[in-house]
Amino acid sequence: MVKQLSIFESEKLLRKYKIPHPKSYLTKSESEAISQAKKLGFPVVMKVHSENIIHKTDKGGVKINLLNEKDVEEAYSKLKKLSKEILIQKQIQGTFIFVGMKRDPTFGPVIAFGIGGIFIEILKDVSFKIAPVSKDEALDMIESIKSYSILQGARGQEKINIKNLIKIILQASKLAMGEKDIKEFDFNPIIINSKEAKAVDARFLK
Amino acid sequence: MNKIFNPDSIAIIGASRKPNSVGQGLVKNLIHGGVFTSRYNKPYKSKIFLINPNTNNVLGLKSYKNILTIKNKIDLVIIAIPAKFVPSAVRDCIKKKVKGIIIISAGFSENNPEGKKLQEEISKSLKKARIPLIGPNCLGIINTSKVNASFAPATPPKGNIAFVSQSGALADSVIDWAISNNYGFSKLISVGNSANLDVGDFIEYLSKDKETKAIAMYIESLSDGRKFMKAAKKCKKPIIVLKGGKTSEGKSAISSHTGTLAGSYRIYEAAFKQCGVKLVTNVEELFETAQILATISYRIQNSIGIITNGGGCGVLAADHCESLNIKLAKLSKHTIDKLNRSGKMHPAYSKNNPLDLVGDALSERYEAALDAMLSQSNIHGLIVIETLQTMTEPVNNAKVIIKAQKKYPKKPIIAVFMGGTFTRPGVNYLDIHKIPNFPYPEKAVLAIKALIKA
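As given, the protein sequences belong to chains A and B, one line each in that order. With the first letter of the first sequence counted as 1, position 38 gets the number 38 in my numbering; the numbers rise by one all the way through. With the first letter of the second sequence counted as 1, position 373 gets the number 1373 in my numbering; the numbers rise by one all the way through.
If you're looking for bench data, these hints aren't it; they were derived computationally from the structure. One thing to keep in mind: the hints can contain errors.
[Claimed, not checked] Partial chain A-side listing against chain B, Cβ under 8 Å, derived:
no.: 1; residue: Thr106
no.: 2; residue: Val110
no.: 3; residue: Phe128
[Unchecked claim] Here are the computed lysine to aspartate or glutamate pairs in the EDC-like style, where the Cα-Cα straight-line distance is at most 20 Å:
no.: 4; chain 1: A; residue 1: Lys180; chain 2: B; residue 2: Asp1224
no.: 5; chain 1: A; residue 1: Lys183; chain 2: B; residue 2: Asp1224
no.: 6; chain 1: A; residue 1: Lys23; chain 2: A; residue 2: Glu196
no.: 7; chain 1: B; residue 1: Lys1099; chain 2: B; residue 2: Glu1204
no.: 8; chain 1: B; residue 1: Lys1227; chain 2: A; residue 2: Asp104
no.: 9; chain 1: B; residue 1: Lys1246; chain 2: A; residue 2: Asp104
no.: 10; chain 1: B; residue 1: Lys1273; chain 2: A; residue 2: Asp136
no.: 11; chain 1: A; residue 1: Lys3; chain 2: A; residue 2: Glu179
no.: 12; chain 1: B; residue 1: Lys1273; chain 2: A; residue 2: Asp104
no.: 13; chain 1: B; residue 1: Lys1233; chain 2: A; residue 2: Asp140
no.: 14; chain 1: B; residue 1: Lys1453; chain 2: A; residue 2: Glu143
no.: 15; chain 1: B; residue 1: Lys1273; chain 2: A; residue 2: Glu143
no.: 16; chain 1: B; residue 1: Lys1278; chain 2: A; residue 2: Asp140
no.: 17; chain 1: B; residue 1: Lys1278; chain 2: A; residue 2: Asp136
no.: 18; chain 1: B; residue 1: Lys1273; chain 2: A; residue 2: Asp125
no.: 19; chain 1: A; residue 1: Lys146; chain 2: B; residue 2: Glu1322
no.: 20; chain 1: B; residue 1: Lys1233; chain 2: A; residue 2: Asp136
no.: 21; chain 1: B; residue 1: Lys1234; chain 2: A; residue 2: Asp136
no.: 22; chain 1: B; residue 1: Lys1453; chain 2: A; residue 2: Asp140
no.: 23; chain 1: B; residue 1: Lys1116; chain 2: B; residue 2: Asp1224
no.: 24; chain 1: B; residue 1: Lys1246; chain 2: A; residue 2: Glu121
no.: 25; chain 1: B; residue 1: Lys1273; chain 2: A; residue 2: Asp140
no.: 26; chain 1: B; residue 1: Lys1453; chain 2: A; residue 2: Asp136
no.: 27; chain 1: B; residue 1: Lys1327; chain 2: A; residue 2: Glu143
no.: 28; chain 1: B; residue 1: Lys1230; chain 2: A; residue 2: Asp136
[As the list claims (entries may be wrong)] With the C-beta cut set under 8 Å, the calculated list includes, among others, these residues of chain B facing chain A:
no.: 29; residue: Ser1221
no.: 30; residue: Leu1222
no.: 31; residue: Gly1225
no.: 32; residue: Arg1226
no.: 33; residue: Met1229
no.: 34; residue: Arg1266
no.: 35; residue: Ile1267
no.: 36; residue: Ala1270
no.: 37; residue: Ala1271
no.: 38; residue: Gln1274
We treat Cβ as the ideally placed atom computed from N, Cα and C, and that holds for glycine.
This is chain B alone, in the form it adopts within the complex:
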C-alpha cells in the first residue's frame, strides 16, 4: 500500500481537457496540489503520465493513448473513466505491473447488479495480480506530505490525524473546514465501495504510519466487522469513529428477544467498545476528539479539577461532568491551606471544586490556583475557564497555564477562554503552545472525557 501513498510515478487514466470535470480536477491536484488555491497545496514532484485516447495534450502536458505505450515504470494509477471501460484499463494496468490502483469512477456495486458484476470482475483480477485497489466510487487519497491523488478541492494542512471516510463528499467539506481552521491531516482516504482494500486494511496501514497519531473515521457500514475489530484491537493509536445510519434493519417475522433488541447500531456500538474504538456523535466531535487524543498521548484517571473566574461557567462545566460521569475531586485541606497562604485569593473565593476565583482574578491568582490544584495528587487533569472581565488578562493567563503544564506534564490542562475578539490573543498563545482550548465549557468537558481511561 505504501506505493499508493508514496508513489514515485503516477498515471491518470481519464485525464480530461474538460474544465470542471473529475478527470481535470485530478490532473490539477497532482500538478498544483489543489483546484482551489490554498497555501497548503503541494505539487506532486515526481513523474506524472496522463492518458486520454482522444487527445495528445491535457493542460499543456503530453497525453498518451494507452498506459502500455508508456516506457517508464508506474507506481500508482488513478482511473476516472466510465465504469464499462474500467475492466479493460485494469487489464492494461496488470500487464504494466503497476503497484497500486485507485478507481474514482462510479457505476459499480453502489449502482446496479451489472455494476456489481463489473466490480467483482475487477476485484478478482486485481487480487489475483496482487495489486492493491482503493475504490471504486471514491474521491481518492491525499498524503499531505507527498501527493493529492484525489479530486478534492484542495490539500488540507499537514498534521498527524488520518481521516478515513466512507463518504467522499464529507471529506471534501472537511478539507475546506480544515484549511480555514488550520487543522492538520497526515492522510485522507476515501474508501468508496471497498472492493478490495477496506477500512480494516487502512487501520493496519495507518497503525504503522509514522506521520499518523490518531485515526478519525466516518463509517456507514462495514463489510467485514471481525476484520475491522481485529485490526482496531491491534492498533496502538486512538481510533475515533462517527457512525452514520442509526436506523435498524428490517426484522424477520419470527424473532427472539435478542433478535428484536439487537438493532444494527447497538451492535456497532458494542463492537467498537470491545475493540477500543471511541464512538462519537457528530462531525465536530470526531475531529476535536481526534485532535486531543493525538496531542495528548497519555490517559488519566477519572478525577479532575475545574478553575473558573465566573461562577456560572463553573456550574455549567460541573453539570456537564456529572452527566458524563466525570468525577470532580474534593479539595484537600492541604490544597485549601496552600490557596489561603498564597495571599492571592479573593476573600470570597469558593474553596470548592469548581474553584471559583471570583471575577476580578488576575493572572497571578490563576497561577496560584493552578499550582495548588495540580499539586493535589488525586487531581489528574484540569479545566481552566476564563470569562472576560474588565481586568482579565487573556495573554498572561495563557502564559501561566503553559507554565503550569510544563511543571505538571502528565496532568492535562484544557482551557476554556470564553469570548471573542478580546480573548483571541490569549487563544492564539495557547494554540501556539498546543494547549487544547475551547470557547465553551461543554467542549472542554468532552475533551477531558476522551482522555480519561475507560
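Next comes chain A alone, as it looks inside the complex:
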C-alpha cells in the first residue's frame, strides 16, 4: 500500500540530501498561527497537513499571499475544516518549477523536471532523465523544456539562477538512488529566483 510521508519525515529527507526548503511550523490554534506569522514576517503561506490529501490545492488546502493578521485568521478558519493540523511558512517570491521522481519498471528511477505549480499536468512541459543524472544531463533537462525562456527572464520575469536548479536536480537524483524505499516524490513547487531555490512543498510516496 502506497503511503505518504508526514511533513516531518519529508523534511528529514530534504535535510539529509541538502535540498533547500523553507521551515514549516505546525499550528494547532488560530492564535498560534498569528503569532508564528508575525515571527516569520508577512507575507506567509498556510496549508493543510494531512496524509490523506495528495493534491492539496485541488481541495482548497493552500492559502497564499496572506499579508496580515486578518488574512491569517480567515485562512485558518477555512483550512481547519479540511484538517486539524495547519502548516505555516514564510512566502518566497519567484518562478514555480518542479522536480520529481518515479521508479519505472524498465529503467528504474527517473527524474522529472518542469514548470511547476498547479498547471503541471495540464501544460505537461516536462523533461525526464534516467537517474543517476550528471551535471550536463541536468542542464539538458532544464534547457529542453518549452518554457525555458521563462527561466531565462522572458517577458520581464526575474532571471533565475540555473546553478541552484542544477543542484536541486542532482540532489534529487542522489535521493532517488539512495532511498530505495521511496517510490515516488514531487517537489512542487520549488520557488526559484535570482538568489535562491527552495522546495516549498515536498511529497514523498513510500
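Here the structure of chain A is known, so what remains is to put chain B in place on it, guided by the hints.
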C-alpha cells in the same frame, strides 16, 4: 555468440517434410538461402544435419532421430518443434555441447503461465550450461555473408546495416522490401521473447561486428532498460530505434505528478536520448536514417545550404528545416561575389539561401553554385534540389554533385532529384556513387538532420 552467426555446422530439430511448414522453410533457407527465389540468396556451405524422429529423409537429405546420434560436432541448433517437446530437445543439446541455440517455436511466455514456466526452465538450464540462446518465439537470424538461419522468405542483399527486431513478421516484410530496393543488411536478428540473449547483448555483439556500420532496431519493450543503456552508450556505431507501443501503462490510483506525467513512451524517449540512440517515428525513417548514418560516418554542425532550380521546392525544404530546427547559413558577400563572377548565374537568381538557380539551370550553373556554397566555411552540408525542366540535365547534374562531394569530403551533399522516368538515369548515377538522394525535399531534410551533431 559468434558461433550462432558464423556456425561451422548446423542442426535443425524439427526439419519437416510438410510443404509450407516452418520446419521446411528452415531447411530450404539453409540449403538455398531462401524459400522465395532471389538473387541475393546464399546457400549455407558447411554441414547441415536434419532431425526428425518420424522419418529418415527430408527434401532428399538424410534425417536423424535425435541430435545425440550425430557423430559430428555441432555449432548451432535451430529448434522448431511444439513447445512441450522443447525442454527435452534442449537437454540433448546440452549433452551434445552445442555452441548456440535458436528456438523458433512459439507457446512460451508470450502465450500462457505454463509456457512461461517452460521458458524459465529452458533459460535456466542453458544459462547454467553457458550456451547462448536466441528466442524462443522468433524468426531466427540471417548473416548475409554466411547463413540464413531463419524461416524468413528469402535473404536480403548484403550491406552494412544490422536490423534487430522484436517483431519477426516486420523483419519478413522488410526483407522483401530490401530485395526490391537493393537495401543491404549485415545481420538480421529476430529476438523473440529474449529469454536469455536480449537487445542489449546484440548491441554489444554488433558493436564489434566488422560488417555492421549502423544498427536499426524495432523495439516494443525492454526487459532490462539499464543494460540496454549501458550497451548503447558503449557502442560507437549509430543506433536507430523505432519504438512500438506509445500508449502509457495504467496508473495507480495514488500517484504523484511525476507518476502521472512519466508515461512509458516519454521515459523510453528520455532514456534513448541519454544513451545516444536516435529515435525515429516510422519504418521508412528507420531504414533511411540507418542508411545515411552508415554511409556518412562524420557529423556536422547545424548550418547548411540549399540549392534548387525551382523556387517552390526550395521553400518546402526551408520550411522543413525550420520545423526541425535546422539552420540555414546566410550567404556571405564572398559567396555572392563568387556566384556573380562565375558568369553562369541567371540575372534573377536568388542570392539567398535557399539559392534558387532558376528553372533553366544547366549543370554548369549547378557546378558553379555547388563550388561557391561549399567554399563558404559555415555551410557544413548541402541539399541540392533538381526539378525536371525541359533543359535539365539529370546525369550531368549527378556528375557535378559527385565531383563537388569529392572536393569537399567533409560536407555531405544530399540530392533531391524530383520526378520519375526522366530523372531516373541521374538517380542511378548518384546511387552508384553513394550520394544519398531522395525524391522529396522533406526526406532530404530528415537525412541531413540525422547528420547534425546533437
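Hint-by-hint comparison with the structure:
no.: 1; hint: Thr106; result: 4 Å, holds
no.: 2; hint: Val110; result: 5 Å, holds
no.: 3; hint: Phe128; result: 4 Å, holds
no.: 4; hint: A/Lys180 <-> B/Asp1224; result: 18 Å, holds
no.: 5; hint: A/Lys183 <-> B/Asp1224; result: 19 Å, holds
no.: 6; hint: A/Lys23 <-> A/Glu196; result: 14 Å, holds
no.: 7; hint: B/Lys1099 <-> B/Glu1204; result: 18 Å, holds
no.: 8; hint: B/Lys1227 <-> A/Asp104; result: 14 Å, holds
no.: 9; hint: B/Lys1246 <-> A/Asp104; result: 15 Å, holds
no.: 10; hint: B/Lys1273 <-> A/Asp136; result: 13 Å, holds
no.: 11; hint: A/Lys3 <-> A/Glu179; result: 15 Å, holds
no.: 12; hint: B/Lys1273 <-> A/Asp104; result: 16 Å, holds
no.: 13; hint: B/Lys1233 <-> A/Asp140; result: 17 Å, holds
no.: 14; hint: B/Lys1453 <-> A/Glu143; result: 17 Å, holds
no.: 15; hint: B/Lys1273 <-> A/Glu143; result: 14 Å, holds
no.: 16; hint: B/Lys1278 <-> A/Asp140; result: 16 Å, holds
no.: 17; hint: B/Lys1278 <-> A/Asp136; result: 19 Å, holds
no.: 18; hint: B/Lys1273 <-> A/Asp125; result: 17 Å, holds
no.: 19; hint: A/Lys146 <-> B/Glu1322; result: 16 Å, holds
no.: 20; hint: B/Lys1233 <-> A/Asp136; result: 15 Å, holds
no.: 21; hint: B/Lys1234 <-> A/Asp136; result: 18 Å, holds
no.: 22; hint: B/Lys1453 <-> A/Asp140; result: 15 Å, holds
no.: 23; hint: B/Lys1116 <-> B/Asp1224; result: 18 Å, holds
no.: 24; hint: B/Lys1246 <-> A/Glu121; result: 18 Å, holds
no.: 25; hint: B/Lys1273 <-> A/Asp140; result: 10 Å, holds
no.: 26; hint: B/Lys1453 <-> A/Asp136; result: 16 Å, holds
no.: 27; hint: B/Lys1327 <-> A/Glu143; result: 18 Å, holds
no.: 28; hint: B/Lys1230 <-> A/Asp136; result: 18 Å, holds
no.: 29; hint: Ser1221; result: 7 Å, holds
no.: 30; hint: Leu1222; result: 5 Å, holds
no.: 31; hint: Gly1225; result: 4 Å, holds
no.: 32; hint: Arg1226; result: 6 Å, holds
no.: 33; hint: Met1229; result: 7 Å, holds
no.: 34; hint: Arg1266; result: 6 Å, holds
no.: 35; hint: Ile1267; result: 5 Å, holds
no.: 36; hint: Ala1270; result: 4 Å, holds
no.: 37; hint: Ala1271; result: 5 Å, holds
no.: 38; hint: Gln1274; result: 6 Å, holds
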